[in-house]
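Visitor: Sequence:
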Amino acid sequence: MKNINITINNKKIKVPEGTTILEAARANGIEIPTLCAYEGMGPHAACRLCMVEVAGEDKEKLACAVKAAAGMEITTDSDALFEKRKEILTEMFRQHTVDCHHCARIGGSRIEDLDPWFCENCFYCDCVRDGFCELQALARQFGISQLPFEPRTADFPVDDSTGVLVRDGNKCIKCRRCMDACKNSQAVGILGMVKTDKGQTVGVTGGKPLADSGCIRCGRCVDVCPTGGVILMEHKDQLPYYAHERNVKTAALVDESVLEEVTALFGAAPGSVSLGQLAAALKKIGVDEVYDAEEERRITAAETAKALAKRRKKAPAIIAADPAAKQWLKEHLSGKEGDFVFMESAQVRFAAETKGQFDKVFRISGRNSLAAEVQDTGCADYFYNARELFRILKRTGANPTRLKAVSLDRLGEETAATEYEPVLGPVDWVPGGSPEVVELKVKGRAARAVICRNPSQVKEALKVKDAAFIRVNA
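Using the working numbering, the letters of the sequence shown map in sequence onto residues 66 to 539.
Just so you know, the hints here were simulated from the structure itself, not pulled from any lab data.
Keep in mind it's a predicted model, so treat the numbers as computed, not measured.
Derived pair list, reagent style EDC-like, types lysine to aspartate or glutamate, alpha-carbon separation capped at 20 Å: (1) K77 <-> E96; (2) K420 <-> D446; (3) K126 <-> D144; (4) K391 <-> D404; (5) K273 <-> D262; (6) K301 <-> E326; (7) K530 <-> E501; (8) K425 <-> D441; (9) K349 <-> E310; (10) K459 <-> E299; (11) K391 <-> E402; (12) K314 <-> D353; (13) K126 <-> E96; (14) K149 <-> E122; (15) K314 <-> E418; (16) K248 <-> E396; (17) K379 <-> E525; (18) K379 <-> D404; (19) K391 <-> D277; (20) K79 <-> E118; (21) K132 <-> D142; (22) K77 <-> E118; (23) K239 <-> E156; (24) K348 <-> E310; (25) K239 <-> D288; (26) K371 <-> E478; (27) K524 <-> E402; (28) K378 <-> D531; (29) K528 <-> E504; (30) K348 <-> E359; (31) K420 <-> E354; (32) K425 <-> D446; (33) K263 <-> D220; (34) K76 <-> E96; (35) K124 <-> E138.
Working from the sequences, and respecting the hints, build out all of it.
Guide: See below:
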């Protein structure tokens, strides 16, 4: 693919032909505000915040949808664009309940003050995204403290029917990210724009509650939602309560998937916070024992490797560890159930090995789908993702960046990785894209594996010639 020359904010750059203006800007460290464009997912041109000026054009162009052309001269940050974006953002608050503007409205603070550190000390707002909200962050950037209208009241019903995910149409800004993730990455497609007597919002098509919709509770809608339109049900008070409770023995099972986000939320340098420091913070709160989920994963991987070694079928083994991936496969590939090889999760294994030893067990992970497994199986008492863990650490003053790392507790001896590790190890989720083909050796023989980082890649993976293994993540 050939490169073309364009200019953004008087900076001459070279980008591959077919690149959108937004992609070109991001690749060169130039910020263009947006709420609907999510990396790896197609543009919706829904929020209109990414508008830019193109020399020779009368109207602004949407950077997420327009491809850069050779010789194009683009401006992303003029005074006129600032005012138009500010007007669009202000109108978004007309359709969005604004608990986060309470402090600004009564004159007690400025919108610039509303960040995670400030908001965790406020007991008025009920939105779990306070301080983490992309809409709120843009309001800070554009100085929107005072709204020229009365804030909207919460009149959409809240759907918490799954007991894990909570959809709140009152916080939805119709960016359609969750719709895209659900349909194009997760290959579920239960979400769409729905009309109600309260107006239009994103919801389950057909008006069903989430629990009856075919939702696999993967939680990817939570990952991509920029506001509080969809969240995980929170239990932030329970961990410090039981950790402090006398005669209650507690344990936490933690994996490294929370480290990157927790580190960023504490404002520390990437990679500077270790699992040992996180364990130190949890023990400072009062958690009695902290275990590394990787130890349990290796045990389940070793057992799954034995099952793979016994297979004699020519059809590829379809492997899943994530509970949402297992559910997706059962529902969408029911004719291939004989080829499914499901790994036991680390948390289920931990529950079996420690049965009766702890009064309360806390599962901490960056994988939201594990919350559903906790609810369904009782393998832990409460689930926490990185954002909720940060809120707990902030409230209790247990800052891992200031603590010396401690050793995590162990249940047994280290289990070595197997030759099947490429298909049994952790798999990161990415939206869209194509599956990855990996060549490995099993018992000295070459074998081909296909790694699907989301369910939408499975269809293509099934067409890969001579594949012995297909690993599916959701």
